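J.: Chain residues, written in single-letter form:
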Amino acid sequence: MSELLIEPSPHIRSDITTQKIMLNVLIALLPSVIAGTVIFGLRALVLVVLCAFFCVIFEYLFNLVTKRRQTLSDLSAVVTGVLLGMNLPPTLPIYMAAIGSFAAIVIVKQFFGGLGQNFANPAITARIILMLSFGRSMTSWTAPIDWSAPGTDAVSSATPLASPESLPSYLDMFLGLRAGCIGETCIAALLIGGLYLIIRGIIDPVTPAAFIGTVAVCSILSGHDVLMQLMSGGLVLGAFFMATDYATTPLTRAGKLIFGIGCGLITSVIRFFGVYPEGVSFSILIMNILTPLIDRYVHQKPFGAKKEAAK
Amino acid sequence: MKLNSIRLPHFNAAAESRSSEIRLPGQVVISMSQHGGVPCTPVVAVGETVRTGQLVGQCDAVISAPIHSSVTGKVVSIIKTLNVFGKTHDALVIETIPTQTFSDEIRPPVIESREDFVRAVKESGSVGLGGAGFPTHVKFGYDPKTVKIDTLVVNGAECEPYITSDYRTFMEDGVKVADGIRRIMQYLDIKYAVIGIEADKPEAIKKMTELTAGDSGVSVVKLPSSYPQGAEKVLINNTTGREVREGELPSSVGCLVVNCSTAAFISDYLKTGIPLIKRRITVDGNIVNKPGNLIVPIGTKTADIIAAADIRVQPDRVLFGGPMMGTAIYDPETPVLKTINAVLMFADTKRLEQTACIRCGRCVRACSMGLMPTEIEHAFDLRDVERLRKLHVSQCMNCGACSYVCPAKRNLSEKNQLAKLFVREQLTKR
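Heads up: the protein sequence lines correspond to chains A and B, in order. Using the numbering used here, count along the first sequence one by one with no gaps and you end on 324. Using the numbering used here, count along the second sequence one by one with no gaps and you end on 472.
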């Protein structure tokens with residue numbers, strides 16, 4: 014008889030792998046990438062693909078330089094790249110996208126220990142870094158391509174949150190026919206992707222529900238146009254794809270609920286009282302920082318736990 | 043309380059295969075350590091001839107059960123074998139002879155009182171046949187003045203993939219299971235009994251419902267078909283709704299748990315007096331052509347079971363017990379113990395590489411004890427005793443659900459066991 018394998022139990026494992034999870038996130042992002050390309054043109058697609066490319070290269074180089082095992086096959090760098098691309102305006106210069114990718118992968122992710130160890134969402138943090146470094150380029154928007162009038166050039170425009178006087182219709186907002194970041198405008202595509210992730214069990218719906226729900230409640234209480242608030246900015250993108258990032262959000266369902274409500278409150282405060290049209294990014298970053306604290310105190314209740322040991 | 047659980051593939055190809063007796067092995071190796079308790083000392087010497095059912099190992103400690111010869115033959119040597127807990131113990135090597143005869147010691151026990159019953163169960167060598175192997179007489183020997191037991195919980199969940207030995211016990215020996223339950227209730231004066239069977243075994247549920255229809259206080263509870271239903275605390279919660287607190291025994295909530303095969307054995311023993319010398323095991327795995335259930339003498343070598351199975355290729359992994367909690371054995375000479383309910387054989391199994399935890403929380407949602415395995419792993423890596431205690435690591439029963447669902451293929455349940463041991467060591471140091 015050949016040598017027998019000895020391993021600790023269990024001896025069977027589920028099919029799920031990190032790579033499959035990341036692949037599912039990429040599949041969920043696909044509708045938004047397509048929508049972004051249709052709305053803003055090929056330049057948008059090029060930017061997203063380049064971001065993914067830069068992220069992969071930077072992760073490869075970092076692992077090479079630091080003599081770590083290559084981790085590209087887990088696809089997490091691709092996810093970060095695509096998410097970063099979705100968070101950029103379609104006309105951003107390529108070198109800025111490269112700097113953003115470097116910040117996301119090297120500074121935010123790998124410096125803190127790589128996949129699962131980073132305390133902040135790489136794509137969100139990179140977006141904030143770009144925003145603070147290249148404010149003008151990061152806020153120069155283009156209007157959606159008018160496919161009914163071919164030959165027209167991209168026109169610079171303002172995001173609805175920044176200039177409330179020229180609001181698009183609800184339908185245009187839902188379909189994404191407004192100025193904005195590549196992946197954030199088409200609510201329909203984001204909802205398809207988000208729903209896919211929920212159905213596949215990749216994300217817990219409690220986070221986006223709490224996040225979006227809180228913003229809705231705050232909008233009603235402060236007398237804002239609720240639907241417009243929900244569909245503008247990066248709220249839906251952030252709620253489904255960034256606030257659900259495993260590494261930087263709480264482990265438990267109760268923790269996720271607190272996280273989502275916190276994101277919603279901070280977003281509302283920044284939107285209604287702040288000067289930046291940047292509520293979602295900052296709210297997620299701030300709640301990312303609070304995540305270890307939430308995880309420290311919000312535990313799943315152990316079965317039959319004795320009271321004196323519970324605290 | 044609704045507990046977390048996971049879905050597992052069933053792989054129960056052996057379910058409808060009627061048990062058959064294995065051909066008498068040429069040699070059996072009877073370990074003096076059949077379960078987690080104190081090991082026995084041999085009471086026979088090398089060169090002696092022993093008969094089937096004869097007492098061969100004895101121990102005075104409480105958490106222990108006597109051991110009987112499963113065959114007729116000659117003790118040729120006493121060797122050292124490694125048990126599943128990684129400790130070395132004596133084992134009798136008995137060479138069988140063709141004419142198998144029962145020992146004169148065998149006679150049905152006379153039972154007139156509760157004490158007689160507990161003593162008889164002790165003399166039968168009975169241990170929990172579900173896998174944990176806790177000596178049955180210790181469970182039964184509680185003091186009814188201080189411990190109030192009102193419900194006998196019969197474990198027929200059999201939640202692990204592949205294993206069908208308990209199911210076959212229901213289907214082939216359902217009458218004995220029902221009788222065993224009646225006897226336990228009668229002698230220990232327990233009012234109610236619940237038989238927990240997973241929903242994916244409707245035939246067993248139907249059969250046991252019919253067989254216990256005339257018994258007052260006995261009911262069959264259909265358990266969800268998810269893992270782990272057979273874990274003691276989970277089973278009690280899902281059959282009676284009672285919550286066994288951390289560090290407590292089932293008796294703290296008035297429950298006594300026995301495996302269905304143990305109940306069937308007790309019924310048999312009271313009628314015949316034949317001690318626990320053989321048991322039903324499931325033989326299956328990805329190289330087994332005809333999955334089935336075998337009745338084997340305790341001490342049968344794994345190699346003999348592999349030889350009896352119809353296999354396509356030689357195995358590279360052999361398990362005692364199910365794939366979730368079973369032990370991988372390294373030596374085909376390893377003998378079957380009283381607690382082994384399956385011998386599973388696999389080939390082309392992969393050793394999985396662990397990757398970084400992505401904090402997806404699947405382990406947290408899988409844990410029926412409500413623990414947070416990934417946090418436990420972090421705390422253990424930091425050797426943080428206080429944090430481990432706050433995370434209630436001692437509640438882990440090693441069901442393996444966390445490791446099963448982990449996308450990074452981390453050995454979480456192994457880490458939990460190491461953490462439990464570490465906490466125990468640190469606390470005794472103080």
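Hints listed in this document are in silico derivations from the structure and should not be mistaken for laboratory results. Take the hints with a grain of salt, since some may be wrong.
[As the list claims (entries may be wrong)] Partial list, computed: chain A residues near chain B (C-beta under 7 Å):
| no. | residue |
| --- | --- |
| 1 | PRO21 |
| 2 | HIS24 |
| 3 | ALA267 |
| 4 | LEU270 |
| 5 | ILE271 |
| 6 | ILE274 |
| 7 | GLY317 |
[What the hints assert, rightly or not] Rough simulated footprint, nothing fancy, chain A against chain B, three-plus residues with beta-carbon under 8 Å:
| no. | region |
| --- | --- |
| 8 | 357 to 363 |
| 9 | 446 to 455 |
[Unchecked claim] Every beta carbon over 12 Å from chain A, so not counted as near; a handful from chain B, in silico:
| no. | residue |
| --- | --- |
| 10 | SER61 |
| 11 | ARG65 |
| 12 | VAL80 |
| 13 | ASP132 |
| 14 | PRO151 |
| 15 | ASP242 |
| 16 | ALA370 |
| 17 | ARG429 |
Just so we're clear, the structure is a prediction, and the values are computed from it rather than from any experiment. From the three backbone atoms N, C-alpha and C, an ideal C-beta is built for every residue, glycine too.
J.: Next, verify each hint and record whether it holds.
T.: We went through each hint and held it up to the structure:
no.: 1; hint: PRO21; result: 4 Å, holds
no.: 2; hint: HIS24; result: 4 Å, holds
no.: 3; hint: ALA267; result: 11 Å, violated
no.: 4; hint: LEU270; result: 13 Å, violated
no.: 5; hint: ILE271; result: 14 Å, violated
no.: 6; hint: ILE274; result: 18 Å, violated
no.: 7; hint: GLY317; result: 4 Å, holds
no.: 8; hint: 357 to 363; result: holds (count 5)
no.: 9; hint: 446 to 455; result: holds (count 8)
no.: 10; hint: SER61; result: 24 Å, holds
no.: 11; hint: ARG65; result: 20 Å, holds
no.: 12; hint: VAL80; result: 25 Å, holds
no.: 13; hint: ASP132; result: 23 Å, holds
no.: 14; hint: PRO151; result: 37 Å, holds
no.: 15; hint: ASP242; result: 17 Å, holds
no.: 16; hint: ALA370; result: 5 Å, violated
no.: 17; hint: ARG429; result: 9 Å, violated
In this structure, the hints that do not hold are numbers 3, 4, 5, 6, 16 and 17, in rising order.
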